[in-house]
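Visitor: Sequence:
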Amino acid sequence: MDVVIVESPAKAKTINKYLGSGYKVIASYGHVRDLPPKDGSVRPDEDFAMSWEVGKPSQKRLSEIAQAVKGADALVLATDPDREGEAISWHVLEVLRQKKAIGKKPVSRVVFNAITKKAVLDAMANPRQIDEPLVDAYLARRALDYLVGFTLSPVLWRKLPGARSAGRVQSVALRLVCDREAEIERFVPEEYWSIVAHLATERKEAFDARLTAFDGEKIQRLTVKNGDVAGTIKRMLDASTFAVESVEAKPTRRNPGPPFTTSTLQQAASAKLGFSASRTMQVAQRLYEGIDLGGETVGLITYMRTDGVQMAPEAIDGARKAIGSDFGARYVPEKPRFYSTKAKNAQEAHEAIRPTDFSRSPQSVKRFLDPDQFRLYDMVWKRGIASQMASAEIERTTVDIQARGDGKTAMLRATGQVVKFDGFLAAYVDHRDDSKSASDSDEEGDDARLPQMAAKESVTRRSIDADQHFTEPPPRYSEASLIKKMEELGIGRPSTYAATLQTLQDREYIVVDKKKLLPEAKGRLVIAFLHNFFERYVEYDFTADLEEKLDKISAGELSWKDVLRDFWRDFSDHVEGTKELRVSDVLDALNEELAPLVFPPREDGTEPRACPRCGDGKLSLKLGKFGAFVGCSNYPECNYTRQLGTSFSADAADAETAEGPKELGTDPETGEPVTLRSGRFGPYVQRGEGGKEAKRSSLPKGWEPADIDLEKALRLLSLPREVGTHPEDGKPILAGLGRYGPFLQHDGMYANLDSIEDVFEVGLNRAVSVIAEKKEKGRGARAKPAAIATLGEHPTLGGEITVRDGRFGPYVNTGKINATLPKGKDPASVTLEEAIQLLTERAEKTGAKGAGGKKKAATAKKPAANGKAAEAKGDKKPAKAGAAGKSGSASQASGSKAGTAAKRGKVAAEASDTVPWDAD
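Residue 1 is where the sequence shown starts when you use my numbering, and the numbers rise one by one after that.
Heads up, none of these hints are tricks.
Taking CB as the label site, the calculated pair distances span:
hint, residue 1, residue 2, range
1, G577, E663, 49 to 55 Å
2, G809, D545, 36 to 42 Å
3, A454, F368, 53 to 59 Å
4, S463, E757, 44 to 50 Å
5, D545, P473, 27 to 33 Å
In short, the hints are calculated from the structure, not lab data.
Computed from a predicted model, the values in this text were never measured in an experiment.
All C-beta atoms, glycine included, are put in the ideal place defined by N, C-alpha and C.
Working from the sequences, and respecting the hints, build out all of it.
Guide: Okay, structure coming up:
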């Protein structure tokens, strides 16, 4: 019997059915080893030797794999067909060799782009050896990510407290978001006017025409700058006669776009389906690994991490047959279409994302798919079909119209188009075309059909519109548009996009608001710091050039250690040069670079950096335990501070005028002043001058500082409110606002209310009902929330793994074991591998048993964390830290808490741009 290694258990089951009883297919559950987050994992002084550590969830699985291999005839490594897949195969093989499980057994590597019986059997018939250059490229990428994150992050902790980490790709992606925000903030709106004539033919058919020339001057979008000029033109047109100068009808053809790549799939799924990048990859993974189609498990799409745009010849043939049967012979072009990518550094090593069988239409498999799977498969199928369909035939018509009046002339243009033959548009309309409207282009106007007109024909005026507009700043990036930009620049790779964006959210460097990416204050500070002191390493071209070198390593054109040596020589010298950098130097640079944002001009024209409280001090950025804030230079005599908010907006400072706290009025009962203030944790209202006696209340969610008046402030300060006494025991029922939102309290028990308005309005009857409902559930028997998703079975604890959203946030569950998701993690994007890791770690911490009373695997025998199995080459213990660890030592010597070994390890892991599991 031969043992076949794949990544996921779902894939293992499907492939085992295809191969039969002569094979045993085992899942590795993604990566089995990673660099431990500590000094010395990559050692530049030892020619970049690397130490590997087997994760706890992987130890038992690797033992099972080794046991199976010892009794097998051969080993077949069948992980994914990309750099990460090649790396997983290499890691598994290295561990098995260390365990002496291989012996003289033959080892082969197979790859397949789709999980179908034909693809798998064809791959098994054409084995190869592990692609060493591809593994070298993985090692180089992993070492670079480690060295940048582990070396640069300690510099951030020492020089910029509150910053969490920096990474090779994540920092450049963050710079894109921050640069776009700065561009928006610098933007000055420009006024312009559009002139549109509503006209009609002699047959009373209405159409619109836009001004293109006036009195011999060409009129472009921004030519008419003010209302006076617009009024002059409007008056002339109101008194003019109109005649058709020329009519031009030009036939054009629109060609379809290529099938999806990882990037274009994520962009289209965001625009058409509202999916995040991680959600798109999660759903695509399931479609790729296989769906049960009434007793047969079949992969519906090809591998979804690719930047290739071409399809295999047999797939093209299948698409052309499906086009002929589903749309008709006219929709099949004379020759197949072939595509090449324009993306920088694209490898095109794999096929584009396509259906595994074009005869399997979305409707025919709909009943086997959940709604998200169906919508994504439908989009992939239609885009793949459209890529091989005939061009759309369109007739574009342009009508130029002359206006004469008041001794002047003007030219107007009407444009329209008619689809003569829809071609590929019958199957798929690109999301960019989907979202277009006439307002998108002031010059082209409407794309609807124009009425029939001829030269010299007179037309009549119905009305003339002169409308004021203002130019708009460039839009903030969405996940989709940022991925597109990164791809254009050659930054990152398809497998890293979703993970990079999630990392930036987890670090609280960016926030997603209405699908737009906004930089947090912490992110702006980090990028400003890196731009001033590590500018080269956040340059777009530098990062793209490094990606190109990694691709050349994959192709066997460069030595991976030569690339590392070149990079490390300059990078380590640069880091060494920052040791003498003082925090005051950092603050001076940040104050200067971020001055327009941190110290915006005041309406009264006074000095923006003058302290509004003492008048003598100068405002400056300050670095505290929890990050940066604005404070007075006269501290401690003057304790004025101001919080930094998202994008350095004024929201957090709206509570303060130039003189300090905003006076709202006087409490009529106590005679004390009521003020609106901004603290380290956001805006709040206060009654009294200060000290412990002052009553304070934070603003509830949804209440903006600009909307707070004395009445609202007094309502907040009056909480908690006594609703009444409970009819059964006579004890009071209170309504208030707490850490977890609005609540009712009775006899030591709390019950949630839906909104802050309920706190002020809830009556006794409803309050008693809410409390009764809470008692029925029981204080310790809170009903388990409904499952968001079911991921599969836990391999060691047993039981079905589900994702749920609880009172304190989303979590994963199996049996009686719950594990909270990391902050910022989208519950819809959790993979089976991530859930297994979280639940296993939780079980080990608590000693909990899994389903069926199984004990946690790690309690039987604790493996050595840095034993032989953890080493990639030989039995050496990790050597002392090289240059990568010196920064950490300097941090300890300085006495900084951020330099402790525990925090260094944690953030070094966070800084990595490589995800530990091979799934999004």
